[in-house]
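Protein chains: 2
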Amino acid sequence: MASEMLQPSRLVYGSETFKQQLDTLLAWESVSDANVQQVVTDIVERVRNEGDSALLEFTRKFDHLTATSAEELILNKERLQQALVSLSDEQRNALEIAAARIRSYHEKQLQQDWSFQEEDGTVLGQRFTPLDRVGLYVPGGQAAYPSSVLMNAIPANVAGVQEVVMVVPTPGGELNELVLAAAALAGVERVLTIGGAQAIAALAYGTESVPAVDKIVGPGNIYVATAKRMVFGQVGIDMIAGPSEILVISDGKTDPDWIAMDLFSQAEHDEDAQAILISPDLEFLDQVQESMNRLLPTMERKGIITTSVNDRGALIHVPDMKAGAEVVNRIAPEHLELSVEEPEELLSLIRHAGAIFMGRYTAEALGDYCAGPNHVLPTSGTARFSSPLGVYDFQKKTSLIHFSEAGASKAGQVASVLARGEGLTAHARSAEYRIK
Amino acid sequence: MASEMLQPSRLVYGSETFKQQLDTLLAWESVSDANVQQVVTDIVERVRNEGDSALLEFTRKFDHLTATSAEELILNKERLQQALVSLSDEQRNALEIAAARIRSYHEKQLQQDWSFQEEDGTVLGQRFTPLDRVGLYVPGGQAAYPSSVLMNAIPANVAGVQEVVMVVPTPGGELNELVLAAAALAGVERVLTIGGAQAIAALAYGTESVPAVDKIVGPGNIYVATAKRMVFGQVGIDMIAGPSEILVISDGKTDPDWIAMDLFSQAEHDEDAQAILISPDLEFLDQVQESMNRLLPTMERKGIITTSVNDRGALIHVPDMKAGAEVVNRIAPEHLELSVEEPEELLSLIRHAGAIFMGRYTAEALGDYCAGPNHVLPTSGTARFSSPLGVYDFQKKTSLIHFSEAGASKAGQVASVLARGEGLTAHARSAEYRIK
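Residue numbers (this note's numbering), protein chains in the order written: chain A, 1 to 436; chain B, 1 to 436.
There may be inaccurate statements among the hints.
Note: identical chains are not told apart, hence a pair may lie in one copy or across any two.
[Said to hold, decoys possible] Below 30 Å or equal to it, Euclidean Cα-Cα: the simulated BS3-like pairs (lysine-lysine) are:
id, residue 1, residue 2
1, K302, K108
2, K61, K77
3, K436, K410
4, K436, K253
5, K302, K436
6, K108, K77
7, K410, K253
Worth flagging that the hints you see were computed from the coordinates, not collected in a lab.
Could you put together the complete structure from these sequences and hints?
Written as structure tokens, this is what we have:
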């Protein structure tokens, strides 16, 4: 059917319209809807003020889950363990290997306290401590991904967070055993079968039965994202993720089918997902487009892929890899595949990307599940200034300052001059008391 | 005058009303005003769409600064250097010592790339790269603090940010030479004499003469803070700071005048600032209150101090240091002084604080200017989940994943099982192509 033909945009580096076409292609702003804002405000305020009773009411209303007490919504560690045991050997084994690889990579991110002593005995340093308690939001239904549970909970666990509380809506009471099994493997303390803005409010402010947390992480729909923005400041939050993206830059010598499938692997996420290929080999771009069209009919999620590729996908022709790298830096992609013979060389030209998949064998999909690094990554060009989720998101820092008597006397003189220059005389006098 | 008597709240740990009194004392929410929101939305949209012409118009309107082109608003490096040379020897010397100490401390925060190789040749790692360009907002008029310029710009400079662009409003054209001198010392590339929401919009989206930046840091009034929240996502931002706070915990053996002045040093910042003292020594609390009242008439900013102490200040009596530490962790203060003989012992009980000032000689004011650690710290209890500004705020991370052929084959089998479990078959097939 002609209507199912894939026609990604074709851009040519250096053409008159290139810059503008690229800007249009990349333009993405999540729309903030006044109605959603109002609905979420009401839910958050009510849960904050009324606690469990409002939480139960909204859970009945939105998830058709009737509980007479919030205790009924708790799944304990035994229930999680039971889910793990119930898996097929193949699934359990895969989940365990993924969890072990993710844990081992993230352990490298643990930050250590440091300090140094100055000649006069003054000691300066920085201390790292875990957050006390973290909330993990897991979407219900179709978008409930066990891999997300591993990627969000394991870094918190490695950081030393004492309690990871997971919430997952179960519309109609349906539980996803893979998600619960992942929670068991990732060290989640307890799971609550609640969701939506009401779950975010309960985690942020606490209710009689939901403990208030210090940070909330994990993906969610527009209601969840809006609620997270709203409670930011009361608790920490991770980033509000945009649609998934993949950018492949290739020398044209990788199997076109491989690249086509790599592009599909992000395009299948949702209709707003973005898959882009850059190559100096024009013929290769045609081959990949041909592969995409040949493979499309075999795809389970062909409707989503078609919309994604035709609305937001692109094949970009560049004169050389240097120009390609320049385009990569302009895009600052979430996922970047360097599908070339010598990826290290190209790597040195790349400044901005969430995760870089090097060489022809490193399919992006490996990073989604079991490579080890986190799959929660900056989207929509935010890799210019932000980073993958990591252990560092669950550790906070405290500056340590311990002046010796001699050190305080010297520093006091400097502080006094500067404080008086700023007109802050109590600052100055507080420092001056310590001058010998 | 009775009206000038300082009467901080008195709380007693363990009393029936203690928890509620403490909650009330600490309650703080910045009010989001619909009018401010609308004004800022209009300014941001106009600067985004119209560029320099809107920027010049708002600068004329709000700062009474008439420029016919944006070029007239640029202060170049020579002008900054000139400000540095114009200072008194005493001021220049103090500023240079502070800058050197801040730089040396922050150099310890530089993060290094790491990677490791697995048996099958697969390499995993993480790379740290500086942000390309950062905007630094400096408030104009009375609140223009050279120390803030050092604290914000030096970490960016140490991180390797290529260009730090500073904006500072100069209502009526008045320049603060200390601020410009600090910019020269801190490695600022250029200064623009613009401010308000229009400056934030120009930095976030760029105009003909203002380059778009990747992150905006620095304090500002409610219009600036609202604009920063609005452009978040387009660029990174630092935290929206609440009023300044100091919490002193003392064994009662420090000179009460010292502690009184330490409390004043934060109370003088603004009327919403919060100064709290905790001690197991009831008599000492009385002595400090007596010192505060005796010293108050000698203070330049006595009006601000009086309002701050009477509205938000407190003296808290605790049975022992363990209970004191528990209260500290509940407060999670921005600045914490451990004014005791053995601060290390007490330190081990503290989980949450932005910066900890250890021992009787370490006045908090030293940390504001020249100790070395950053003075941009989490306020309003956010030290539970966030950290001092640092070099890490100007470096971003990228995950590196390079599978060998053998590694991709093994990992592909795991990814395939998990992807099919999630119903994402393009993910699975992309991984399966690499299975041998």
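We went through each hint and held it up to the structure:
Taking identical chains as interchangeable, the C-alpha atoms of K302 and K108 are never at most 30 Å apart, the minima being 39 Å within one chain and 51 Å between chains. Taking identical chains as interchangeable, the C-alpha atoms of K61 and K77 lie at most 30 Å apart only when both belong to the same chain, with a minimum of 27 Å there against 62 Å between chains. In this assembly of identical chains, the alpha carbons of K436 and K410 lie at most 30 Å apart only when taken from the same copy (9 Å versus 68 Å across copies). Taking the closest pair of Cα atoms, K436 and K253 come within 30 Å of each other only across two copies (19 Å); inside a single copy the shortest separation is 73 Å, beyond that limit.
In this homomeric assembly, K302 and K436 come within 30 Å of each other (Cα to Cα) only across copies, at 27 Å, whereas the closest approach inside a single copy is 77 Å. Taking the closest pair of Cα atoms, K108 and K77 come within 30 Å of each other only inside a single copy of the chain (27 Å); across copies the shortest separation is 41 Å, beyond that limit. When the C-alpha separation of K410 and K253 is checked against a cutoff of 30 Å, the pair qualifies only between copies, where the shortest distance is 23 Å, while the shortest distance within a copy is 65 Å.
The structure does not agree with numbered hint 1 stated previously, though it agrees with all others.
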